[in-house]
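Asks: If you want the building blocks of each chain, they are given just below.
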Amino acid sequence: EVRLVESGGGLVKPGGSLRLSCAASGFTFSSFSMNWVRQAPGKGLEWVSSISSSSTYIYYPDSVRGRFTVSRDNAENALYLQMDSLRAEDTAVYYCTRFGDRSAFDSWGQGTLVTVSS
Amino acid sequence: EIVLTQSPGTLSLSPGERATLSCRASQSVSTSYLAWYQQRPGQAPRLLIYAVSNRAAGIPDRFSGSGSGTDFTLTISRLEPEDFAVYYCQQFSNFRFTFGPGTKVDIK
Numbered sequence: 001e002v003r004l005v006e007s008g009g010g011l012v013k014p015g016g017s018l019r020l021s022c023a024a025s026g027f028t029f030s031s032f033s034m035n036w037v038r039q040a041p042g043k044g045l046e047w048v049s050s051i052s053s054s055s056t057y058i059y060y061p062d063s064v065r066g067r068f069t070v071s072r073d074n075a076e077n078a079l080y081l082q083m084d085s086l087r088a089e090d091t092a093v094y095y096c097t098r099f100g101d102r103s104a105f106d107s108w109g110q111g112t113l114v115t116v117s118s
Numbered sequence: 001e002i003v004l005t006q007s008p009g010t011l012s013l014s015p016g017e018r019a020t021l022s023c024r025a026s027q028s029v030s031t032s033y034l035a036w037y038q039q040r041p042g043q044a045p046r047l048l049i050y051a052v053s054n055r056a057a058g059i060p061d062r063f064s065g066s067g068s069g070t071d072f073t074l075t076i077s078r079l080e081p082e083d084f085a086v087y088y089c090q091q092f093s094n095f096r097f098t099f100g101p102g103t104k105v106d107i108k
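As given, the protein sequences belong to chains Z and A, one line each in that order. Note that the working numbering has the first sequence beginning at 1, numbered continuously upward. Note that the working numbering has the second sequence beginning at 1, numbered continuously upward.
For reference, chain Z alone in the conformation it holds in the complex (with noise of 0.2 angstroms):
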């Protein structure tokens, strides 16, 4: 069974740094893309940030390009999210995704939520 855990959320304030994780079991993790998805309180979902299998290619929206970092660990089966400069509108759910082989985001973790407040 795929099963995919986030960890590191938390309270920060303006201007503060977080590291998320993902820990992913079930699955050859190094064989897939991967990816962070956020929602902030009572909104929709946003895209994060991709990276694919051997960290070759990352690619980022412009709302959080140059702030935040993914990166990951096959020999660990873990993800990560490094988060700069956050800022109020960070504040959301952040879910680590599994892009699988039918092209779209086939497992999801529960969640973990970063609240950006001073």
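Hints are supplied without guarantee of correctness; some may be wrong.
As the list claims (entries may be wrong) - Stretch by stretch, here's where chain Z covers chain A in the computed footprint (C-beta under 8 angstroms, at least three residues):
id : region
1  : 8-16
2  : 42-51
3  : 90-98
Derived from the structure by calculation, the hints contain no laboratory data. The beta carbon of each residue, even a glycine, is placed where N, CA and C say it ideally should be.
For chain Z, the structure is supplied; the task is to place chain A on it using the hints.
Replies: Using the frame of chain Z, we list chain A on its own:
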């Protein structure tokens, strides 16, 4: 960037009724990368439909997807109590993913 628009914003229906949800793109979308997700309250989203019309593993056949170009539809043939949720369409192009704003299907 391709913008996705979903309509209606809210669909109020009774169990057993048919639901038709629309997703319109600002430019033509590759059919390989048009997906639908369901999100129940308090839960993570889950994949329903990929590549426009293919049901994901374990998804009942009352869910179907169709469309091409810029217009796509998710149909739920007969609503079950567990289908009352929010539905999002998603596309991928030019190395970017975008989601529609969602359609909430609630109980009438």
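Asks: For each hint, tell me whether it holds in the structure or not.
Replies: Quick rundown of the hints versus the structure:
1. 8-16: Violated: only 0 residues of the region 8-16 of chain A have a Cβ under 8 angstroms from chain Z.
2. 42-51: holds (count 6)
3. 90-98: Held - the region 90-98 of chain A has 6 residues with a Cβ nearer than 8 angstroms to chain Z, which meets the minimum of three.
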